[in-house]
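Listed below are the residues making up each chain.
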Amino acid sequence: MPGKRVLQMAGLITGVITVQLLTRFTGTGYFLTQLTMSAYYSLVIIGLCLLIGYAGQISLGHAGFFAMGGYISALLTTYNLLPYKDNAIIAVLMKTGILVVRTNLYGSEILYFQPWVACIIAVSMTVLVAYLIGGPILKLKGHYLAMATLGLGIIVYRIVLGSAFFGEADGLSEVPAFTLLPGLKVSGNLSVRISNYYIAWGLVIIAFITLLNLVDSRVGRALRSIHGAEDASSAVGVNTAKYKLNTFVLSAAFASIAGVFLTHYNGGIGPSEASVMKSVRYVAIVAVGGMANLWGALIMGVLLNFLSLRGYFGSFDDAVFGGILIVIMLFAPEGLIRVDIFRYLKRAVSGEKAGEQNDGSS
Amino acid sequence: MIIELFFQYLVAGITYGIIYSTVAIGFNIIYNATGIINFAQGEFVMIGGMTAVTLNAFLPLPLAIIIAVIITMVVGALIDIIFIRWIVNPSVLRMIIITIGLSIVIREIALHVWGDGVRALPYFTGNEITSLSIAGVHISPQVLWVIGVCSVVVIALNFFFSFTLVGRQMRACASNRNAARLCGINAKNIVTLSFVLSAGIGALAGCVISPITYVQYDSGTGLAIKGFTVAILGGLGNSMAAVAAGIILGILESFSIWVLPAAYKDAIAISILLIILFYRPSGLFGSREVFRLKEF
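As given, the protein sequences belong to chains A and B, one line each in that order.
Taking my numbering as reference, the numbering of the first sequence is continuous, increasing by one, and the terminal residue is 362.
Taking my numbering as reference, the numbering of the second sequence is continuous, increasing by one, and the terminal residue is 296.
What the hints contain is simulated information worked out from the structure, not anything from laboratory work.
Honestly, I wouldn't trust all of these hints.
Taking CB as the label site, the calculated pair distances span [to be verified]:
id, chain 1, residue 1, chain 2, residue 2, range
1, A, G27, B, G115, 34 to 42 Å
2, A, I120, B, K188, 51 to 59 Å
3, A, G29, B, L59, 56 to 64 Å
4, A, A235, B, Y214, 47 to 55 Å
5, A, G228, B, Y214, 45 to 53 Å
6, B, G115, A, T14, 32 to 40 Å
7, B, Y279, A, D216, 36 to 44 Å
Computed cross-link-like contacts, DSSO-like style, restricted to lysine-lysine with a CA-CA straight-line distance of at most 27 Å [as the list claims (entries may be wrong)]:
id, chain 1, residue 1, chain 2, residue 2
8, A, K139, A, K4
9, A, K85, A, K95
10, A, K278, B, K265
11, B, K188, A, K4
Note that the Cβ used here is the ideal one computed from N, Cα and C, for glycine as well.
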């Protein structure tokens with residue numbers, strides 16, 4: 001890592017620690033719950049930022065990938081396999097420790113998948129789906145791509161809402177804690193709130209460093225060339241289809257990992273996590289952050305999700321995100337953080353039309 | 001018995017199909033004039049229905065519908081003038097996001113104005129239990145209203161685009177905007193007009209269907225997705241093909257209830273959309289060659 005990057009990361013880590021200490025000294029430890037949830041949502045958002053901002057491919061279906069991760073992992077860790085324990089396959093899985101037993105709230109025993117196994121299955125299934133669907137979907141452009149990804153999200157939403165084993169409108173609950181390492185649990189229990197805050201942020205920072213390095217590498221340059229002019233980039237030898245697909249799959253994987261962790265943290269998941277509005281909200285945050293700006297996506301992701309989760313937007317929650325989308329796209333398609341106020345003023349003074357900047361995306 | 005059931009499903013399918021086609025035509029009008037898909041199209045239907053229900057409390061039904069349609073047209077015009085008209089050379093991504101944002105904001109405003117209750121206009125003739133029996137199939141008179149009004153709209157639109165000066169100007173803008181401008185057509189006004197027209201058609205559809213399907217603050221989204229599916233299925237921009245595609249989708253959906261739980265009904269329509277997008281993005285009736293040349 002170059003020196004600048006090390007400094008930036010040190011700053012980010014210091015910020016994360018400072019926030020935790022601040023909540024401790026001001027007696028607002030309850031903020032940590034929403035900060036942890038926001039961190040998981042930010043994981044989806046930075047992945048989506050790579051796809052929309054750098055590769056220039058819109059996705060209105062990322063809540064679907066989030067929900068796939070969350071729901072599959074929740075199903076595997078809550079579905080009681082005890083009635084089938086005489087089955088040969090189940091018996092083998094029990095011996096190898098893939099299936100474990102716990103006692104639930106009411107004292108009855110439940111045989112379920114070990115959360116690590118469930119997590120790996122959930123993420124790999126999401127990746128597989130993203131890989132299979134990504135090929136044909138990413139051939140589409142513009143409205144067609146937007147509508148196809150939107151459709152994908154709606155199909156996931158309809159399936160979780162309409163299937164009895166996904167709990168229909170109630171979703172799945174009583175998801176057990178996810179023991180990452182001995183003594184390190186992902187769970188909503190108040191006693192592990194601080195450690196969960198650091199688990200979430202550790203995950204986000206690892207993902208963030210990966211993405212920062214990725215966009216500064218050969219891959220990142222290839223993605224930007226695809227965004228700028230796909231035909232031209234293909235002509236200079238970039239395998240555009242492969243790069244787009246890999247980015248799509250990577251961002252889907254990020255979304256599903258976030259889904260798995262947040263489901264364990266919340267102890268459940270409901271169909272609203274798969275709704276179109278969630279997908280639109282992720283896109284809105286990427287847009288506010290400045291599209292091709294990972295830092296913007298991360299900061300806005302944490303900030304806006306935190307405000308929304310704390311209920312500061314009241315009953316205007318969705319309207320706020322809709323409004324953000326309109327205002328940002330009308331006046332600052334490059335994002336809030338990118339708007340160069342001095343240049344903007346200078347241009348306004350010299351009388352040029354401000355609207356004529358070409359945002360280059362298509 | 002089973003044959004009667006078959007026709008009953010068929011009629012239900014055709015009714016929904018025609019509703020979807022009307023929304024699809026709204027998409028097509030704006031797409032033709034601007035090259036953008038207005039994701040807030042479904043909201044026009046909702047505004048039309050909701051306003052008519054509110055006005056009907058103190059106005060006779062026909063007047064309530066006419067005023068509701070006019071109000072929605074004004075909303076359509078305002079959307080274009082405030083949000084679309086002044087953007088120079090917008091990218092598709094930007095327009096998609098703006099219209100999605102608009103649809104969310106309109107929906108939320110509707111939620112705060114009208115609440116989340118389900119509303120409906122009264123039946124235009126008869127009531128919920130009146131039904132005509134044609135060859136053993138029971139048809140509500142409202143279904144005939146839907147089919148009748150939508151057919152009139154489609155025919156009138158065709159007439160408008162073929163024989164009136166304004167309609168021809170709109171077609172000119174659709175096929176080549178710069179050439180149209182060189183002929184002295186004010187392209188910006190044509191775009192505003194397309195928003196007004198499309199809002200009006202959406203609102204009228206919203207009024208006619210509200211006794212059957214009911215209307216709620218968020219009922220526009222579902223219709224917009226179906227309408228879009230139909231518009232793609234028929235070939236984007238082709239209004240007559242949209243009618244045929246709408247009826248096909250309506251019938252497919254209606255019969256899908258026989259094989260799959262009703263909860264998956266929407267998933268069927270969207271799966272069809274995806275399949276069409278993957279294998280024949282020019283639509284069932286569109287030409288592949290023309291499609292390849294289109295900018296989008």
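Checking against the hints above, which ones are violated? 6, 8, 11
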